[in-house]
Structures are given as structure tokens and as C-alpha cells.
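J.: Chains as they are written, first to last, in the numbering used here: chain A, 1 to 335; chain B, 1 to 335; chain C, 1 to 335; chain D, 1 to 335.
It is worth saying that the hints were derived from the structure and are not from the lab.
Just to be clear, a hint being listed does not mean it is correct.
Pairs involving identical chains hold if they fit within one copy or between any two copies, as the list cannot separate such chains.
Each computed DSS-like pair below joins lysine-lysine, with the alpha-carbon atoms no more than 30 Å apart [claimed, not checked]: (1) Lys320 - Lys330; (2) Lys75 - Lys320; (3) Lys118 - Lys156; (4) Lys320 - Lys6; (5) Lys70 - Lys320; (6) Lys320 - Lys22; (7) Lys6 - Lys75; (8) Lys118 - Lys75; (9) Lys118 - Lys201; (10) Lys6 - Lys118; (11) Lys63 - Lys22; (12) Lys6 - Lys63; (13) Lys63 - Lys75; (14) Lys330 - Lys118; (15) Lys63 - Lys323; (16) Lys70 - Lys201; (17) Lys320 - Lys118.
There are 4 protein chains.
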Amino acid sequence: MIVILKDRPDEEQLAGLVSWLKDQGISVHPTVGSSQTILGLVGDTSRIDMDLISALDIVSSVKRVQEPYKNANRKFHPDDTVIRVGSARFGGGAFALIAGPSVVESEEQILSVAEAVKEAGADLLKGLAFKPRSSPYAFQGLGIEGIRLLLLAREKTGLPLVSEIHDASQLPLFEEIDVLMVGARNMQNYALLRALGKTDKPVILKRGFSNTYEEWLMSAEYIMAGGNGKVILCERGIRTFEPSAAGTLDVACVPVLKELTHLPVIIDPSSAAGSYTFVGSLARAGAAAGADGAMLGVHNDPMRALCDGPVSLTPERFRKTVKSLRDIHKLIMEE
Amino acid sequence: MIVILKDRPDEEQLAGLVSWLKDQGISVHPTVGSSQTILGLVGDTSRIDMDLISALDIVSSVKRVQEPYKNANRKFHPDDTVIRVGSARFGGGAFALIAGPSVVESEEQILSVAEAVKEAGADLLKGLAFKPRSSPYAFQGLGIEGIRLLLLAREKTGLPLVSEIHDASQLPLFEEIDVLMVGARNMQNYALLRALGKTDKPVILKRGFSNTYEEWLMSAEYIMAGGNGKVILCERGIRTFEPSAAGTLDVACVPVLKELTHLPVIIDPSSAAGSYTFVGSLARAGAAAGADGAMLGVHNDPMRALCDGPVSLTPERFRKTVKSLRDIHKLIMEE
Amino acid sequence: MIVILKDRPDEEQLAGLVSWLKDQGISVHPTVGSSQTILGLVGDTSRIDMDLISALDIVSSVKRVQEPYKNANRKFHPDDTVIRVGSARFGGGAFALIAGPSVVESEEQILSVAEAVKEAGADLLKGLAFKPRSSPYAFQGLGIEGIRLLLLAREKTGLPLVSEIHDASQLPLFEEIDVLMVGARNMQNYALLRALGKTDKPVILKRGFSNTYEEWLMSAEYIMAGGNGKVILCERGIRTFEPSAAGTLDVACVPVLKELTHLPVIIDPSSAAGSYTFVGSLARAGAAAGADGAMLGVHNDPMRALCDGPVSLTPERFRKTVKSLRDIHKLIMEE
Amino acid sequence: MIVILKDRPDEEQLAGLVSWLKDQGISVHPTVGSSQTILGLVGDTSRIDMDLISALDIVSSVKRVQEPYKNANRKFHPDDTVIRVGSARFGGGAFALIAGPSVVESEEQILSVAEAVKEAGADLLKGLAFKPRSSPYAFQGLGIEGIRLLLLAREKTGLPLVSEIHDASQLPLFEEIDVLMVGARNMQNYALLRALGKTDKPVILKRGFSNTYEEWLMSAEYIMAGGNGKVILCERGIRTFEPSAAGTLDVACVPVLKELTHLPVIIDPSSAAGSYTFVGSLARAGAAAGADGAMLGVHNDPMRALCDGPVSLTPERFRKTVKSLRDIHKLIMEE
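The shape of chain A in the complex, shown without the other chains:
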């Protein structure tokens, strides 16, 4: 941590700061310039609150040199975390494919999609029983009945299940679900993250619309600090100034995060694309950037989907996309 002092700092306050830091086990190395003095702090600065120091009258600014996350930090855990769900693998060179409708609508729909995506090569089945909608008047999912239909689909196809949880109080309903997903709007719902940290289920943590890499990793840290290290990061498009986009898929997050963390990183192009016609290209871009997997919206009849129809692939389009994703992943791995 680096503390940049204001010009001509009050000497008594400065001595007070230095002595307080030493009490915390931090050693202080000053660099005195003609117009500026900088303090280099050495020791376990993760315990020091930057706010406390910034508030001092003699301090101009404080810069952190080390990342504030530890469990998620690749520096302390150089090897890739590999998370296994059924026969699927997230991390360590594999490419995991999650597919399914945005929302579970009916037995016929979920079984039809489940069988189609299984045949096309999906590794996990996704479907929401509880769907967060920006309007209180829109269809919010089938609820518990949706969970029951998902379990039925797993029984028929053997595909492990992924579904989104919104509140710690829902945990009992999700007992049979294999992978819990935290949506973008809940990425900083710390009550929920803390509760998930006490489970032993893999968690897919979607990036908030406007959250930085550091905030995202700090949310992963919330789950990991509770004892659950099985966190999968999922990029789903960020909010930018571009009005024509549902979200701008930040594929650069893949190589950047792989340097910062050992956790697997997957992409969700369906949420970011405004139209199914762009989903394939974005998925391929993610795979080429080195993602550990992808999550794709598939519907047996997109024109009648109750939600996200415009960005859903038909089973046939999904099959073609799977092939090119596997090919690109293989090519990337060989190089």
C-alpha cells in the first residue's frame, strides 16, 4: 500500500500515523521528494482499511498495490481450480456446455429442450424456475413446479441441473439442484453470497451489469470466505453507452481473469446478444478467447417462448454452434 501525503504535512499527525501503522505490524518506508512525500507500507496491509487513512488531513491519496482478494487470487493458488459436475468439468482445459431455455414453461417444453441439447452435446441443463423480471407484472416463472419439472428432465436425460437462486430463504427448494446460479442483479447481494458460502454446491456467479473485475472477484471471495471454493465466474455482457446492445460481451475478461484468478470463467452470449443471430459469433469469440465453457439459451419453439425468445437458439442452430465451439476450443488447446 502506498500513501501519498499532502504538501508540508503536519509533523505531529505524520508521527501519529507512522506509529499507528507500526502498531498494526506494518513497516513504513518514506520517499521524500521536493514537492511530495510518499510512504511505502510493507506487511499484511489487507488488514488496513484504506478509508481510515484517506480520511486523514495530511493524506492526499492511498493506492493499493496488492489485490484485496486472497482465496480467489492466482498469486496464492497458482493452479487452476477444476470443478466437476457429473461428467462435466469446469477449468483445467475442458470446455463445459450449459444449455436450456431461459425459463421452465411446461413439462413438454423442458423435456423437449433437455433431450435436444443432450443429443447435441450439452453437458448441463439450465432452466429458471424463478425468473427475475424488471416489471412486477411480467411472468416470473413457475416457481416450485418449475423445480419439479427440472428434476424430471434430469431423470430422463441424466443432465445435471443449473438454476438461479435469488434469496437465501430459497435454499431448501434448491436442495436437489446441482449448480446454483447467482444472477447479475444479485452479484452484490451479500446476504445471498454469504449463505451460498456455507453450502457445498458449485455456484455460477454472473458478473453484474456494471461491476469491475475487482468487485466481481470480491463477490467470489464472499462465497469462498464461507468455505465454498467451487465458484464459476460467468460473463454475460456489461452495460455501456451503446443503445442497440442488450449488453456488450466483454470477452477480454477471459484472459484477464485467468491471470488474476484460478477460478473457471465461462461466457453467456445469449444474455448479451440482442438477437439469436449474433449468439453463435459471440460464443465462438468467447471460446477463442480461452473461456472454460459457455451457457446458451435454447428453446424448442423460440417464437412461442414466454421469455427471451428473440435470443434463443433452436435445437438445430444449437447443434451447429456446439460443433464450432468444440472445434475452436480444440484448436486453441493445441496451440
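On the provided structure of chain A, position chains B, C and D as indicated by the hints.
T.: Only chains B, C and D this time, still in chain A's reference frame:
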């Protein structure tokens, strides 16, 4: 609602769409151009899901003409909503001042601040018992003990209390708190919003870092749809590209929202300013833009505050700011 | 174009608007709802200024249905534009590789890089003689001497040249340069765009840091309206809230633009990556998304580069990247 | 400047870096931690290119401690710069009012507006002869004839003139114009900035849609480095994710810039407001935040304005706004 069709739409599909819309009680008025056909839909289109129509092969895009919120919409409720808390009033030409520390730290701290802000002219006392932090390792507030200290401060000063709730399961702990606050990170935590809709307490709904006016009003709509119309909107700075800012205070939201909605709009300059030196200017800007109130961070000893010290006003600075805010508000009201 | 009227519009004003529109050759189709009236306008609305209509007291808002660009619009020119420079081809299924240093520094440097990138498979050589810097005190390039060195490099290697022009007055200096490049900061420098529209040289038009697709295509339209149809669009990363990124490469622009326009689209991952370690992944993502080419920063000695050293590839790293880009492009084309 | 080294840096490279820095007159102060080494650099680091150091293999990152601008920096010039134009004053506690139409349309229009704004208390008259438009097909202003009409308006009213210049080659046409304005799209048109640095006319430098404070001040530095210190900074709204806004007026820039620089800062609410109904509130917010002036769009007949009609004030609305701006400014100055 307006539906823009693709060139040369399939006639059978088009007939299907028109007949389906008629079944929903919507009448359809086509405008046929040489290269484009537009359908104007008339009737209660708030029940029509845009996604369902966008998904059709014959449809190029769908544009909503009416706002998707009803309870919050000024068109249907032209008069200002006025929310009374103790002797304070939000809306209808008043200017309500909320002040207090970021977090309740100790009995001495909260009583000292409460008395100081009361004397300086604050209408309500704010303080967090549960503080959401981006790091799981940072100080998270005193919890239940913090609530107890707030009640003590109310007993001593008579100031009504404002505190932040993070999860529906916390509602019993907040039974005695006068005004519940929803933080920026929870603006789209629909489980929480729905629970607040069933209470009869005023709710301060902070805008999410990157949420549009429409999303914000839709979150208000969630609370109002449950039966609780006492929603106060609070702007706390949005996320932009500017790296030096904790947030960019969007003062324009004040006049824009006052046109769109009848709900009161207040501003929180302390969250947006990176330093206490800017808080006064931003608060004045908000008052001059026509805000119905302000929420200001005040601490008896900012340099020792456990949280947000750099942006906290001392009681003395707060007193000066209050005077200029009242003066500006009076001037605006007279013109 | 769609005009949404305010409630209960003044009838005289409305009649005036309708009659004025008819005089412009536009026919007007009203859709009258209980609370809103919409006018659908049919005819060549590209000649109608939206601002003029929005300004009317009776008008709530105006929405454009057709794109405001014509020459660049795929609707009117369904076939890909193919631009040939030497043996390279932009558009029509080819993948063109531009490589070179950020800035021409010396004869030794540019010749060394030119030979290395040629051998590795580059199609064009890039190098700036005039370098825009945010600081007036930073190195701004060799100027005319830089142009001379580029010509020398072309003589030695046969690679066509790409260099950035900043002002119409520089055109004579660029007479021998094969492809003119407009930098992100000049994307809306209309005086420059207009001047380029009168040349017959291919122009690489970089996207501004924060410009929408429509603004980008309107800038292309400026060049094309002058008679020069040889415009190549180049995405170089957009500005977002993420502080760790030099820019967020918007790969989604590739499939979206290919639907909107017939012009070739290439990507420049070196400007967007904060470090050379991410350049390869981003370039592969762009190729997988369907880009028509890429522009890569290559330096013989990045640690001693006068500019953009941190994001420059060594010739060896460039060679490896070229191979994977060609492989991915081939794979994409076959599917 | 602070250099953060990677773990276990190569000792030879490190010695090379230290010796190279010493040759530049910089002394180096290392802080060695268990997992990280930091170098504090002391001396005139403004001559050191951060890029050169970042590119080294042993360097993790480089952080600048001092601002890269000098002429514009308040640290080196503590007193406000005051710029006088006719009887108007920018800076030093005054509030300068610039008003006029977006574009000069006709003799009748500009004379009518000029007389009206003069009577209402404007200090300078604004009007564009050359108007940058995002479409090459839109009205671009009257050109030289517009300049002639502006001069006529000055003759009749005595108001000094403000008009926008787009290219250094236009300088001779602007010889008689009192204040030159650089539009948002040209904020980083360095060829233009450099040319303006060689004139002795006051320059209003609008902030680019998405430019940071530092970039803005570096553009001011370009003008000042050429010898022209008369730069007035003008905020006109930044680009954010909010789709309903033409721009989000960043009023916080006023107090922040006043701390960073001694140059005057004014605001242009007309460009940021999407509708004239919001212009007054935004102008008042700017004045309350401490701005040194405002620029307001005024048109004698907004419904027939050729450009920006929807955001133009009528002379009557302008008169009311002037009164409240003067009142707020006075109130702010007294406190």
C-alpha cells in the same frame, strides 16, 4: 406500442399476429410504406410482452410508446405524493434533511452526531447497523446492537430514524425503524422489494450504480404494486468512465423524474463525492435542481470514522451546508 | 418515422404539421388510442429533420424507423464491399493482416519490423509518422522523416503502407501512402472525413472511444458521400467503467455491423489490451467473431519502444498469433 | 512516480533500470516487502515516459503521483485565472452569461435573438456559422455568411461574439470573432488545439462526451503550451448508459476542477438537457455548484429553429432563468 415489420413479411404469420393481438383486446393500425410496414397497437398494451412479439420472424423491432410503470406514473397521478415522517415532509414543496454517520459505531458516536445534526436543523437521523461492504473482511456494522443504539438516539433527540435493510428476513429487526432504506446494490433485489411492498413504512429507494430511470421506476413499481405507495427515490451517483469519481451525481434526474413520477426525489451527495470538500457544492446543486431533500454523511470525528470518513462532514461544516441548502430551496420555491 | 403526440394535441397545430409533411411528399397515417395518438410517416423521411418535429409543442417524441445512412447500408447494397490493396483483400471472406510498430522510430527499427512481419505473413505494414498524444510534451513521431522511412520499408519488402492522418492539410504528405487511417479521436472530425471523401484511397476508420454503431456508420457515410466508397471499419476498444482496461474490445460489433453494413470490419486488439499478454486472445476472439482482418502492434524490441511497448508483440509472438488467426478464420469460413 | 515490480525481478534488469533513471536525474527509493518491491521515484518525473517503464519485463505497473499537466495546474498557479471579454469576466467570482441560438439562420433571427438576450442580461452572444452534424445530409450552417451576420449583431448590440471553429484552416475567417469555441468532438483534435495555442483569443474548450478530467486538462495544456493561457473549460454533458438523456451534466466537475486548475469553468445545460423544460434546473444546479458562468441556447421561435429547437429557451424563459442564476450566484458568493 409500435411493431416494425421486416421487408415482405410472410402473410400467414402476419395474419396470425394480428388475430392474436385482437384476442388480447388490442386493435391494430397498419402504416404501409414502400420499404417498411409499421403496426400501431391501441389498447391496454401493458399486458402485452414485448419479447413475445420481438421473437417473431416477421418482426424487425418493437417500440414501447407508453411507460411500463403505472402506480409510479405521473400521467395517472398528477399530484405530488407527500410522505410525512414525524414533522418532516418529503414532496409537495418541502425540503427534508436526513443526516448522520455512515455506520453506527458506538453509543458515544451516534448520540453525539444525533444531537449535533438535530441542533443544526436535520429532520431525520440516519445510521447503518448493517453495512454492505465489497470486502467480506471489512467492518460490517454492529448489527442488532446498532439498531438498539439508533433507538436510544431517537429517544434522546426525537429524530425519526432511517436505516438500510438488506434482506426480507431482517424485517423484524427493523420494526421500530421509521424509514427503511434500500441500497444501490439491492435496487433490483426483487425479493426484498416485494417484502417492502407489504409493509406500511416509507422506503427510500436508492438508484443502482448503473440503472436507468425506467428501471428505477420499475423497482418503485414493485414496492407500490404490493400496496405500499410511500416510496422516496434517492440519487446517489452513477457509474461512468471517470476514474477519479466515486460516482457521478446525476442532478438531471431531479427535473426528469419530477416529470415522469409523482414520488419525491432526494439526493445523497456524500456517496457520490470522493471527498467531503465536494459534498456542499453537490448538495447545493441538487437543491437548486429542485430536489425534495438531501441525505448527508456527518461524523463527530471523520478522521476516526470506521467507514466513509473521507466524505463525512463535521457537525460544523454540516451546519453551514444546511443554511445554504435552506436558502437555495427557498429561493427556488419563490421563483 | 413515427411521431408520438402529447395528450389532447392542439388541433390547429396538428393540421399544420400534417399539411407541412404532405408538402414534403410524406403521407401521414394516424393511430388514435384512448390516451395516445401516433402518426406513422411514409415516404423518404431521410430528408425530414427529426429536431424540427420534436420541437413542436404537440409532439411528445419522434422515433426513426429507418437507418439514417444510405451508402453504408446493407439494405441498399446487399453484397460485401471488397477492398483490394496490393495482394491483400478486405471483405468477401478474406482475412487481412496489418502489422507494424505503433510509431516509426528509426530506419533500423522500421526495416527490422517490416521484414519480420512480412516473413510471418502480414499483408500490410503499419507505422505512424505523426502520433497523437494526450500530452503536448510526449514524443509525437518523426513527422515527414517517418513517411520517408515507411516508403523505404515498402521498397524493401513490397508491403503496402498504412499510416494515420490527422488533418486535411497533411494530405500531400500522404500521397504515397496506400491506406489512410483515421484515429479514434478524429472519428467525428468532419473536416477531415470530408477531405478523405474526395480522395480515392482506402480509409481505415477507427471507432471513437465512445461512439455508437450509428455514429460510426454516419462517419463512414461522410467519406462515402464525397465519392470514396473504400471505407474499412476498425474496432479498437470502447470506453467503459472498467478501470483496469485501456479499452473494452467490443467483438460483438463484428456480427452486428456485418448485418447493418456491407463494409469490411477489422479489429485492433493492441489498442484495447492493456498488455501484450492479452493481445493474442483478443485477436483470436475477433477472428472467431467473423472479422475481415486484424491490426497488430509488433516491435522488434518492445522494452525499448518509444510508444506502446507494453502492448507490442515481438516478431516471434506475432508469428504464433498469425498461425492461430489463419486457422480460426479457415475454420469459421468452412462452417 | 511509483514503480511496482513483479515478484523476484531479474537483478541485472533492475540495476539497468535504476542506473537509467539516475542518468535522467531521478533518484530511486526502494521499499522491499515480502512479496512485492516498490520503487519511489523522486525528481522531475514529468520527463519520464510511463510507457517505457511499463514495457519492462520486471515491472508490474507504474503509477503517476503528480498530475501530468503544469500550466493548467492550480498547484503551480494558486490564483484564479480571470479572462475578460468586453465587460464580461470569466473567473475570480464573476458569473458570465453566454446566450444565443445553436446556429445562425438569418439576419432577422440573429438580430432578434441578440437584442432579446442583451436586454435579458446576457454578457456574450453565441451562434454557430459552421455546425458539425452527425449526418452529412443535415443543415451545416450558413458558413461565411453566418460570420457576417454575427458581426452585424455585435455592431447592433455591442455583445462580444462566441462561435465554434473546427479546423485550423478556418482561423482567418474567425479573425473578428471574440471567443473561439472548440466543440466536444474536437476536444482531442490536437492540430486544432496547437493552432489555437498560437492565437491570443480566449478559447472555450468543451469537454468531450467521454473524456476524463485529466484528458480535458491535458487538452487545455496543449493550448497553453503554445502560449495562450486564456482557456475556459465548458462542461456540456457526458455520455452514460442512460438512454433518455442527450448527455448527463456532470456538475461535480465544477468543484473538482476548481481544485485541480485555476482556469474558469462554465456549464452548457442546453446540450445536456433533452428538452428545454430541464434547461433551467440544470443551469441553476451548475450555478449552485460554483460555476463561473453558463452558456444557454435561446431562439426567438424554437418551434421553427433549424437546429436544437427542442432544447432552446424562448427569450422570455431565458429572462426568468437569468434572474434565478444571478440570485443563486450571489447567494453562493456571500456564503
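J.: Now tell me if each hint is right for this structure.
T.: Evaluated hints:
1. In this assembly of identical chains, Lys320 and Lys330 lie within 30 Å of each other by CA distance both inside one copy and across copies; the values are 16 Å within and 16 Å between.
2. Taking the closest pair of Cα atoms, Lys75 and Lys320 come within 30 Å of each other only across two copies (27 Å); inside a single copy the shortest separation is 38 Å, beyond that limit.
3. In this assembly of identical chains, Lys118 and Lys156 lie within 30 Å of each other by CA distance solely inside one copy; the values are 10 Å within and 56 Å between copies.
4. When the C-alpha separation of Lys320 and Lys6 is checked against a cutoff of 30 Å, the pair qualifies only between copies, where the shortest distance is 25 Å, while the shortest distance within a copy is 61 Å.
5. With identical chains, the CA atoms of Lys70 and Lys320 are never at most 30 Å apart, being 40 Å at best within one copy and 34 Å at best between copies.
6. Taking the closest pair of Cα atoms, Lys320 and Lys22 never come within 30 Å of each other, the shortest separation being 62 Å inside a single copy and 38 Å across copies.
7. For a Cα distance limit of 30 Å, the shortest separation of Lys6 from Lys75 across copies, 11 Å, qualifies, whereas the shortest one inside one copy, 33 Å, does not.
8. Proximity of Lys118 to Lys75 under the C-alpha cut-off of 30 Å is found in neither arrangement, the shortest distances being 37 Å within a copy and 38 Å between copies.
9. For a Cα distance limit of 30 Å, the shortest separation of Lys118 from Lys201 inside one copy, 22 Å, qualifies, whereas the shortest one across copies, 49 Å, does not.
10. Taking CA atoms no more than 30 Å apart as the test, Lys6 paired with Lys118 passes in neither setting, with 63 Å inside one copy and 34 Å between copies.
11. Taking the closest pair of Cα atoms, Lys63 and Lys22 come within 30 Å of each other both inside a single copy (18 Å) and across two copies (25 Å).
12. Taking the shortest alpha-carbon separations for Lys6 and Lys63, both the intra-copy value of 14 Å and the inter-copy value of 17 Å come in at or below 30 Å.
13. Taking the shortest alpha-carbon separations for Lys63 and Lys75, both the intra-copy value of 19 Å and the inter-copy value of 21 Å come in at or below 30 Å.
14. In the homo-oligomer, the alpha carbons of Lys330 and Lys118 lie at most 30 Å apart both inside one protomer (20 Å) and across protomers (28 Å), since each shortest distance falls under that limit.
15. When the C-alpha separation of Lys63 and Lys323 is checked against a cutoff of 30 Å, the pair qualifies neither within a copy, at 46 Å, nor between copies, at 36 Å.
16. Within a single copy, Lys70 and Lys201 get their C-alpha atoms as close as 21 Å, which meets the 30 Å cut-off; across copies the closest is 40 Å, which misses it.
17. In this assembly of identical chains, the alpha carbons of Lys320 and Lys118 lie at most 30 Å apart only when taken from the same copy (14 Å versus 36 Å across copies).
This entry does not satisfy hints 5, 6, 8, 10 and 15, going by the numbered hints stated previously.
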